[in-house]
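Participant: Now for the letters of each chain:
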Amino acid sequence: MRILVLGGTGAMGSETTKDLVNTSDFSEIVIGDLAIERTKEFITKLGDKRLSVVKVDANRVNELANTMTGFDVVTCALPFKYDFNVTKACIKAGVNGIDLSAEEDQFALDQEAKNAGITYIAGCGATPGTTNLMAKYGIDKLDRAEEVQISFAAFRSTAIAPGLLHTTFWEFDPAVDERVYYENGNFVKIDPFEGAKIVEFHEQIGKQEVVYIPHPETQTLPRTFPELKKVEVRGCFPPSTMELTKLMVKYNFYQKQPVDIDGKKVRPIDFMFSFLLQNPEAKRNPVWAYGLIVEVTGQKGGKPAKITLKNSHPPMDEWGGRSAYGKNVGIPLSIGAQMIARGKAERKGVFPPEASLDSMKFFDELLKRGIQIHEKMESHII
Amino acid sequence: MVNSTLPMFNWRIMDEALQAGAHYIDLASGPPYENISRELALSDKWKDIGLTALINTGISPGITNVLAKNASEQLDRVDRVIIRFYARFKAKEVISRWSPETMWMDMAEEPTVFENGEFKKVPPFSGKEIYEFPDPYDPQTVVWHAHEEVHTLPRFIGKGLRFLGFKYPHDPVAEAVVQLGLVREKPVEVNGIQVVPRKVLFALTPHTLLIDEMARKIEAGVVVESSGCVLVEARGEEKGAETVRTLYVPFPSIQETHKRIPGATHTSYVTAVPAAVFAEMVGNRKIKTVGVLPPEELKHEERKAFLTKLAEKGIVAHERIERHLI
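If you're matching them up, the sequences are chains A and B in order.
Residue numbers for the first sequence follow the numbering used here, beginning at 12 and rising by one.
Residue numbers for the second sequence follow the numbering used here, beginning at -6 and rising by one.
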């Protein structure tokens, strides 16, 4: 079996590639990237004969589809703006696919995917991804689930990579329409930094304030589980990133019109993007980790009940320093791809993870790699 | 001549005042604070002509210098003086209450503390503590901050002073700005153009509102909450007992200052009024001390008359004394 890993040398994709090398039985693992030399160096470092590289440009759907032909699965760890193109190309090439984020326009391709006889799982990293399956587990445990609250703490440097920096900017952009929570059939739009609450993640991260973040789970969970009355996703980044984004909102770095700097027009957001990517300080971060909490409330045995799921993983000094963040994102993508390849995601179409994968089998695979999911059940005695 | 421009112009304006034979008043000396030694070094020249150049005459520096001197002169031995600033300001939009450039540059400047006879630099945003301000203020986190008082007070307090520092409310957003280097001068390349980070920051920080613009904002209810206080804590020995003398000035509310001078904020009022009072006292020779001097170098009677005049304008100094009974 052959797998194509798009963006397989990137900040997140490199962890997917490493996991595929360490745990999968694919006969060929081909990394699709634009940076050929960097990819060759990465392959040499990993030293696995199944690895090779192919040059791909994710802006060109037809070219992408031609490259995909003949593979059994395509995994995409590219920035989320390419997800739609990759889904289109998978349908065109008739190849199963999986990626890290989930865009609403991908799900509109569901029928085309069914017609092409492929499975495409959108959003299989830490969040979305592991969180969707934590929610599914909690919902399955209750007799009737009513509410899902997801909280995440993405502890990595601000400017870890251009794609993730862009994602962070987007998540706090006041103009983004997708910053919503779901309640009784409606999506309620909210401003950045609203809905603040304190939650306690695993010990490497501890107590943090989380705020509403636009995330795909808010859209996909109510569709997969129509009985849900409320779905909310909140998140946080390390304090320095949170303060930076507050500054950007407060001082209008998101404004569309450029400012005049020494007679030259500069868009503030372009400045901040370049400034952070060139800034060693923005690449530093004391704790590399990922915290996930999913709280599902509803009814069990005729009484109100709540199930809380939390993740834990080895600390950065035992888990490759910076990799302790990326593994939480890259490993679920590798697990999902392997489950598709082994026929454990048989439904055809475009799905979020909760509509396609088995939670417990997924958690078993996470545990083999050091990521553990913990559950706590609370219910009324009488 | 009253100089309320940016401190970078002090040197030239002081010289013009001296040439013109006019007394001189300013509101701040830095950044950079190295200006202060240069200004004080001119004192003899001003004394010779019989003119007064009173520097740093706002709320802080200014009132704080007077409070620090007053607290210290009551003590027989002064160990430690710490000035702390309380501020709470909430508005429905970003409002710059003083020069954005001075504000950001102050944040980025390495603070100085005076310790055992030496001026020492400490990292920006260090010395974090939650300080219990007097009622009605809630506890606030404060950090070392670059400010004028640290550069002048140790020269004039004496009495064995071992430590002096200035603390300002901790602003996590400002800390992120400074740590990331957004206040730096070194340009970065943005789509082929060289851009100095601080210029973008200054361009996006709203300009300080003119007094009538501010009056409209206050009346429209844009300012939700405003309160402030400066506090000077002097520790030492008095009549054989360990004593802490704390002098503080709560700021009138923005609604009250707006009533007194339409458009004046709680910040601008407590900054401008002391300077005006000092200017009047220098002008009518109620202040007779000559030379280049910060407010703590004024005579006791001159400082007392200043605080009395301030109280008439709603800026009232309070005192708290703590000492060991046995």
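No lab work stands behind these hints, which were simulated from the structure alone.
Do not rely on the hints blindly, as some may be mistaken.
[Said to hold, decoys possible] With a cut-off of at most 30 Å between alpha-carbon atoms, the simulated DSSO-like pairs for lysine-lysine come out as follows: (1) B:179 with B:192; (2) A:317 with A:261; (3) B:179 with A:294; (4) B:306 with A:218; (5) A:261 with B:83; (6) A:208 with B:85; (7) A:275 with B:297; (8) A:152 with A:208; (9) B:306 with B:85; (10) A:261 with B:306; (11) A:99 with A:372; (12) A:208 with B:121.
[Stated by the list, open to error] Quick partial rundown of chain A residues pointing at chain B, CB under 8 Å, derived from the structure: (13) 180; (14) 181; (15) 251; (16) 255; (17) 258; (18) 265; (19) 267; (20) 277; (21) 279; (22) 281; (23) 282; (24) 285; (25) 290; (26) 292; (27) 293; (28) 321.
Just so it is clear, the structure is predicted and the values come from calculations on it, not from any experiment.
Glycine included, each C-beta is placed from N, C-alpha and C at the ideal position.
Participant: Each hint: holds or not?
Facilitator: Hints versus structure:
no.: 1; hint: B:179 with B:192; result: holds, 11 Å
no.: 2; hint: A:317 with A:261; result: violated, 37 Å
no.: 3; hint: B:179 with A:294; result: holds, 18 Å
no.: 4; hint: B:306 with A:218; result: violated, 47 Å
no.: 5; hint: A:261 with B:83; result: holds, 12 Å
no.: 6; hint: A:208 with B:85; result: holds, 22 Å
no.: 7; hint: A:275 with B:297; result: violated, 54 Å
no.: 8; hint: A:152 with A:208; result: holds, 26 Å
no.: 9; hint: B:306 with B:85; result: holds, 29 Å
no.: 10; hint: A:261 with B:306; result: violated, 34 Å
no.: 11; hint: A:99 with A:372; result: holds, 28 Å
no.: 12; hint: A:208 with B:121; result: holds, 24 Å
no.: 13; hint: 180; result: violated, 14 Å
no.: 14; hint: 181; result: violated, 19 Å
no.: 15; hint: 251; result: holds, 5 Å
no.: 16; hint: 255; result: holds, 5 Å
no.: 17; hint: 258; result: holds, 5 Å
no.: 18; hint: 265; result: violated, 10 Å
no.: 19; hint: 267; result: violated, 13 Å
no.: 20; hint: 277; result: holds, 6 Å
no.: 21; hint: 279; result: holds, 6 Å
no.: 22; hint: 281; result: holds, 6 Å
no.: 23; hint: 282; result: holds, 5 Å
no.: 24; hint: 285; result: holds, 4 Å
no.: 25; hint: 290; result: holds, 6 Å
no.: 26; hint: 292; result: holds, 5 Å
no.: 27; hint: 293; result: holds, 6 Å
no.: 28; hint: 321; result: violated, 26 Å
When the structure is compared with the earlier hints, violations turn up for hints 2, 4, 7, 10, 13, 14, 18, 19 and 28 and for no others.
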